[in-house]
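Put the two chains together into one complex; each comes in its own frame, and the hints tell you how they fit.
These protein sequence lines map, in sequence, to chains Y and L.
So for the first sequence, my numbering puts the first residue at 8; every next one is plus one.
So for the second sequence, my numbering puts the first residue at -3; every next one is plus one.
Note that these hints are calculated values from the structure, not bench results.
Since this is a predicted model, take the numbers as computed values, not measurements.
A couple of the hints might just be wrong.
Calculated cross-link-like contacts (lysine to any residue; reagent style SDA-like; alpha-carbon spacing at most 25 Å) [stated by the list, open to error]: (1) L:Lys45 x Y:Ser73; (2) L:Lys64 x Y:Thr80; (3) L:Lys56 x Y:Ala9; (4) Y:Lys18 x L:Tyr35; (5) L:Lys45 x Y:Lys18.
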Amino acid sequence: DARVTQTPRHKVTEMGQEVTMRCQPILGHNTVFWYRQTMMQGLELLAYFRNRAPLDDSGMPKDRFSAEMPDATLATLKIQPSEPRDSAVYFCASGLSEETQYFGPGTRLLVL
Amino acid sequence: GNSVTQMEGPVTLSEEAFLTINCTYTATGYPSLFWYVQYPGEGLQLLLKATKADDKGSNKGFEATYRKETTSFHLEKGSVQVSDSAVYFCALSGTTDSWGKFQFGAGTQVVVTP
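Excised from the complex, chain L in its bound form (with noise of 0.2 Å):
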């Protein structure tokens, strides 16, 4: 079945460092793959996506890079900010036997200080 595995946290980091989070899935087909994020207290958000191999998802300095080859979707930011503290959750979804289901991570929580 369809799973997605990512780093363990909690990652604690200062104002302005950089951001890497791993992801590596599992998954039968051609998933799309997601980031979200949750910040305290609310709901999951969608950060980016990429649908294909070699996509790139980017958004408010976040990127990923769908990696077919190595079976990964690892996030990455350049230069992190306080407000950027949440978990961050790797996902997968659209294959074949999935009906449309999300696989989520585990989930990575981020503690940046300043």
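Okay, chain Y solo, but in the shape it has when bound (with noise of 0.2 Å):
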């Protein structure tokens, strides 16, 4: 039963630290997305790559968010220095061009 996997599943830390986390897409899977959850905003994609080239990444704060996809089987999103209103539930999906999307378990984070 292929999974999405993503690491760390939890993350504390404090403001002004570096963040990142990892999404292994299911194998096979050319689009990697990144979302972001939250209370207020609902589910926001924050980036979204095909063939592990980046399509669009608009709706990721630039100054200090950065989503990259070192080779087939990794893809990152990371945040430096991190602020207290990143605190959220980040989920990696991965799919085939236009068909179904498949989401990883989520990473919480927390800024203090």
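Structure representation (structure tokens):
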């Protein structure tokens, strides 16, 4: 049963620290998405990759957030420096082009 | 641009009651439509989908029919269980300008009481 995996599942850090979240997409999927979920804003798309190339990161605060895919089995989302308003659940999802997206379990981030 | 509008929650109902969650959309082209479900502490899971007009998606007793004339994709279940308590998201994808991105609704929380 193929699944998207995310690490860490939980992260507590202090304001100003760097945070790196990792995602392993389902083998063979060529699209990867990063979402942020909060009570106030709901589910927001941060970044979108196809075949490891970034197609859209307009939803991401560029000054502190960065998203990369070093290889087909790893996607990373980095926040530097982190701020309390970044506290949220971050989801990675993968899929095959315009077909169904499969979500990981999320990384629950708390910035103090 | 594309958008999805869902009825606001929470929707609270008793076990074995009938559930309807309304979803309407605005999109260019011919989108595929989806319902995702999120249980507490988990990621979103695909519940059902429909890829063209008049298609009916179904899974686990849930159904939704793609209505192009009313741009709607309402979710229904005839008899809910406590285990159906979750947040339900309507979404669309596959329009000519979306590049495969999904547009999600705000989510509707459903609470089923024994």
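Hints, verified against the model:
Taking the CA atoms of Lys45 (chain L) and Ser73 (chain Y), the gap is about 32 Å. The hint is violated against a cut of 25 Å. This hinted pair does not check out: Lys64 (chain L) and Thr80 (chain Y) have alpha carbons roughly 38 Å apart, beyond 25 Å. For the proposed pair Lys56 (chain L) and Ala9 (chain Y), the alpha carbon gap of about 21 Å is at most 25 Å, so the pair holds. Distance hint between Lys18 (chain Y) and Tyr35 (chain L) is fulfilled; the C-alpha atoms sit about 20 Å from each other, no more than 25 Å.
Between Lys45 (chain L) and Lys18 (chain Y), the direct Cα distance comes to roughly 33 Å. Violation of the 25 Å bound is thereby established for this hinted pair.
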